[in-house]
Every structure is written in structure tokens, then in C-alpha cells.
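J.: Sequence:
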Amino acid sequence: MTSHRMKKIAWLAAGALAGGALTLSVQAFAGKEPTTLPLNELRTFAEVFGRIKQDYVDPVDDKKLITEAIKGMLSGLDPHSDYMDAEAFKELREGTQGEFGGLGIEIGAEDGLVKVVSPIEDTPAQKAGIKSGDLIIKIDDTPVRGLSLNDAVKRMRGKPGSKVTLTIARKNETKPLVFAITRAIIKTKSVKSKLLEPGYGYVRITQFQEHTTENLAEAIASMTKQNKQPLKGLVLDLRDDPGGLLTSAVGVSAAFLPKDALVVYTEGRTADAKMKLTASAQNYGRPGMPDPLSVLPQETHKVPLVVLVNGGSASASEIVAGALQDHKRAVLVGTQTFGKGSVQSILPLGSAGGIKLTTARYFTPSGRSIQAKGIVPDVVVEDATVTAADQALRVREADLENHLANPNGEETPSKSAKPAKPVTPPVIKQETPKPQDDKNASPDNPREPNPQKDYQLSQGLNILKVQQILIKQGN
-1 MTSHRMKKIA WLAAGALAGG ALTLSVQAFA GKEPTTLPLN ELRTFAEVFG
49 RIKQDYVDPV DDKKLITEAI KGMLSGLDPH SDYMDAEAFK ELREGTQGEF
99 GGLGIEIGAE DGLVKVVSPI EDTPAQKAGI KSGDLIIKID DTPVRGLSLN
149 DAVKRMRGKP GSKVTLTIAR KNETKPLVFA ITRAIIKTKS VKSKLLEPGY
199 GYVRITQFQE HTTENLAEAI ASMTKQNKQP LKGLVLDLRD DPGGLLTSAV
249 GVSAAFLPKD ALVVYTEGRT ADAKMKLTAS AQNYGRPGMP DPLSVLPQET
299 HKVPLVVLVN GGSASASEIV AGALQDHKRA VLVGTQTFGK GSVQSILPLG
349 SAGGIKLTTA RYFTPSGRSI QAKGIVPDVV VEDATVTAAD QALRVREADL
399 ENHLANPNGE ETPSKSAKPA KPVTPPVIKQ ETPKPQDDKN ASPDNPREPN
449 PQKDYQLSQG LNILKVQQIL IKQGN
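Residue numbers (my numbering): -1 to 473.
Mixed in with the good hints there might be a few duds.
Said to hold, decoys possible - Straight-line distance between alpha carbons at most 30 Å, and here's what the computed DSBU-like set of lysine-lysine pairs gives: (1) Lys62 to Lys463; (2) Lys69 to Lys192; (3) Lys300 to Lys326; (4) Lys125 to Lys69; (5) Lys257 to Lys192; (6) Lys173 to Lys187; (7) Lys88 to Lys173; (8) Lys451 to Lys192; (9) Lys169 to Lys257; (10) Lys326 to Lys223; (11) Lys187 to Lys230; (12) Lys226 to Lys470.
No lab work stands behind these hints: they were computed from the structure.
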């Protein structure tokens, strides 16, 4: 695929990131066939516009009316299409480089409010105590209900060192919680790694950014060097990873798949939206630069692999998990993923800014669509620290209003619906609660991953050890 086509579809994410990530690509209208305008409907629009200008209780600026009309037109399509002004468009580009100003929260919309999908590790939001599932009801003195995600993001951003006050509604709390948080430059490190024990490595990807592929290769090379011999097994942790650059998702998949193996393909109405991306450097590398996987130990393509996923694993994370599962390259462990199977393209506007428009659905190599369904792991391992209340607060694609339908006719039932049939993969549950004395070792903050305190990780490591026994027996 040429570098020109690579720019067409480049970024996937589950929601908006307070201070950062949405979706990125570059696409122009040049060469597109003209669209016939619906004159009767436009006359109605003009009539409503005139009525507001003439009769509304207060004078309204023309620009505001047009902007809000554009926002409404896009937000009514699906949860991920949106309008960005010039400032938001600029911030979007900055976010893909892993550095931005803000609080460090990945957010989504629910019932007119802003819901925290997950706080980013080592950011002001996490340190202040913001949790997944929190509903943001006020930003400073501004009620959130009625604000778009972009508007909410703008209000949470600001000059580093300045403060913003979030009013939070939290499950099982009788009164709203108020957090005064100091904004900071958020520098996110997307790849974190550790040698869990001799022979077994751990890599966590928090978000798919511009340098994720090369950072992954460097991390595996470093652990291999530290181990002084090829690894016996590797855990790839994609839990609560909201997505990111499509090219990086392809690159991460390519680290473990045979050369030119199909990673993902997309289908849309236009020719540009129909793509097949394989494990080839031209599909994940940067033009004129060396293959970012060139430092990767050759044994990585065959090392036994476990991938950890959960309900916060979305979009680009699901592409990687789906590709590795379809090629039978890894054992997926954890809980069902988010289910975002659509591709958003950023279409620059001539005046300024641009629109984020859903232009395609993506499919795993075997033709599966995970849209509004997600990926079911091979071994379902529940997290014992997640309560029933936490489960109720977890939002998936199928819960979002106006979500796209699954083209295969398969969707995850809503929370109120009864499942049609039980989950078929084996389910492992922890009988006793895991210790909580080491905050740095929890699944939500794996700076120091510890299988003794992370049940899903411990089960993944056990699976790798069983695989190693089977390998030895086979020899």
C-alpha cells in the first residue's frame, strides 16, 4: 500500500480522550462525485434558521447556529462521528504523538453525560482518584449535560499548572464527589514491559501511538537480552487500551505473525475505504524509515503468546486480538472486549477544522465483525476485584445510542437482556479476593505487574507454562 493510501485511514479509538486522542487520518474531497442537495429539506432548514434568528428569546450568532447544526447532523449518525473546529483539529494531531495538555482521561458519552472509560496511568486524573465508570456532571461551573464530547474535552484542557474542578457522580456514593485537578502536559508511554520471571516476559500497550511498534520491538529485545536467551513465553496486555493508530495495530500484529499475513480489512462505500492490511512494513512503517521491527528477535514470531483483554479493550486493541486469535497465534485470556468495529476518517474542511466521519467497518482476517459484539477470549477469566456495580458501569459499543449494527447480525445483548446462550469458552473465577495492599500492582496500574496480585495475569502466565510443558513433551 502506498504512503498516500496509508494516510486515508490512520486512527481508531473507543471514545474521546480528555486532552488528546480521538481519530486521525487525512482525506480530501478532491475527485469525489458531487452530491445532489435535497432542496425541500434545505428550505426547511433555512426556515428554522430564520425563525430562530427572528423569534428566539436572545440574539444568536449565525456562526453558532451553523456550527451547532453541523454537530447535530454528525452526532445523530453514530457515537463516533463529530465536528471539530480548527483548535480541536490541531489538538487531535498533537495527541497522536503521545504528548498533550490536559487531565488524562479517556471518556465516552452516556445519557447526555460524560462517562470516564478509564484514567490514563500516571496522570493528574488518576492521581486525583478519578475511576472508570465515573459520570462527570460538571466541569468547573458548567453542567455537562448537553455538551458534546469535543466541548467537554475543550473545557478539561488548559494551560499546564491551571486547575479544573470536576463534579463526579459515582455508583454507591450518595453525594456528588468534587475533584480539583491541576492540568499538566500528559506524556503517555504506550509500551511498558517487564521480565516477570526467568523466561517469561510481559508487555503492556496502553494506547496505539506513532512509535508503539518500534517501542514494542525494543521492549522485547531488551527483555530477551536481560533473559540471556530466547523467551519461553510472552504476555501481551491490552486491557483498558482504547485504541489508537491503525498502522501501529498492524505493526504490533506483524511482530507475532508471519510476513504478509492478513491482519485486518475494511469495507465501506468508497474505494478509499476498502483496504487489506497485511503484516508488511509498507503497511505499518513510515516512508523512508527503516522497518521498526528490524530489532525484534526472530524468535518472537514463534514464542508462545497470551493476550489479556477486557471490556476496556477497544478498536485497535480488538484488531490485534482478533488477528492473533484468527491466526491461532495467541491464547486470548480475560473478558469480552468493547466491540468497536468501525473506522473513522478525519476529513479536513476548506474553511478550518474538519469532521470525524465513520467511513468503514473493519473485519478480522476470518471475516468477523466485532462491531457491537466484541471479541470473546479463548479462556474467560473474571477479575475478582470487579464488583457487580463495576460491571453495571462498564459501557460497551452496544450500549451507545445510535451505534452501528453488526453486519453479521451478531451483537452483544444489552445489560437488561438475557443472553441467548451461555458463553462457551472455559471460565476461570478466583475463589478468594486478591490482595489490594500494592496499588502499583493492580490491573489498572501495571507499572509493576505482579501475578500474585493480578489474577488474570497469573492465569495467563500459567497458560504459558502449560504450553511450555506441552512443547517439551512434543519434543
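J.: Now look at each hint and say whether the structure bears it out.
T.: Against the structure, the hints:
Only pairs whose Cα atoms come within 30 Å are accepted, and lysine 62 paired with lysine 463 is rejected, the gap being roughly 60 Å. Of the supplied pair hints, the one linking lysine 69 and lysine 192 is violated, its CA atoms being roughly 44 Å apart against a limit of 30 Å. Proximity of lysine 300 to lysine 326 is assessed by CA-CA distance (about 11 Å); at most 30 Å being required, the pair is judged to hold. For the hint linking lysine 125 to lysine 69, the alpha-carbon distance of about 33 Å lies beyond 30 Å, and the restraint is violated.
Restraint check: the Cα-Cα separation between lysine 257 and lysine 192 comes to about 26 Å, which is no more than 30 Å; the hinted pair holds. For the hint linking lysine 173 to lysine 187, the alpha-carbon distance of about 35 Å lies beyond 30 Å, and the restraint is violated. Our distance criterion of 30 Å between C-alpha atoms is broken by lysine 88 and lysine 173, whose separation comes to about 37 Å. Only pairs whose Cα atoms come within 30 Å are accepted, and lysine 451 paired with lysine 192 is accepted, the gap being roughly 15 Å.
For a cut-off of 30 Å, the pair hint linking lysine 169 to lysine 257 is broken: about 47 Å separates their Cα positions. About 27 Å separates the Cα atoms of lysine 326 and lysine 223, which keeps this hinted pair within 30 Å; it holds. About 26 Å separates the Cα atoms of lysine 187 and lysine 230, which keeps this hinted pair within 30 Å; it holds. For the proposed pair lysine 226 and lysine 470, the alpha carbon gap of about 20 Å is at most 30 Å, so the pair holds.
The earlier numbered hints that this structure contradicts are 1, 2, 4, 6, 7, 9.
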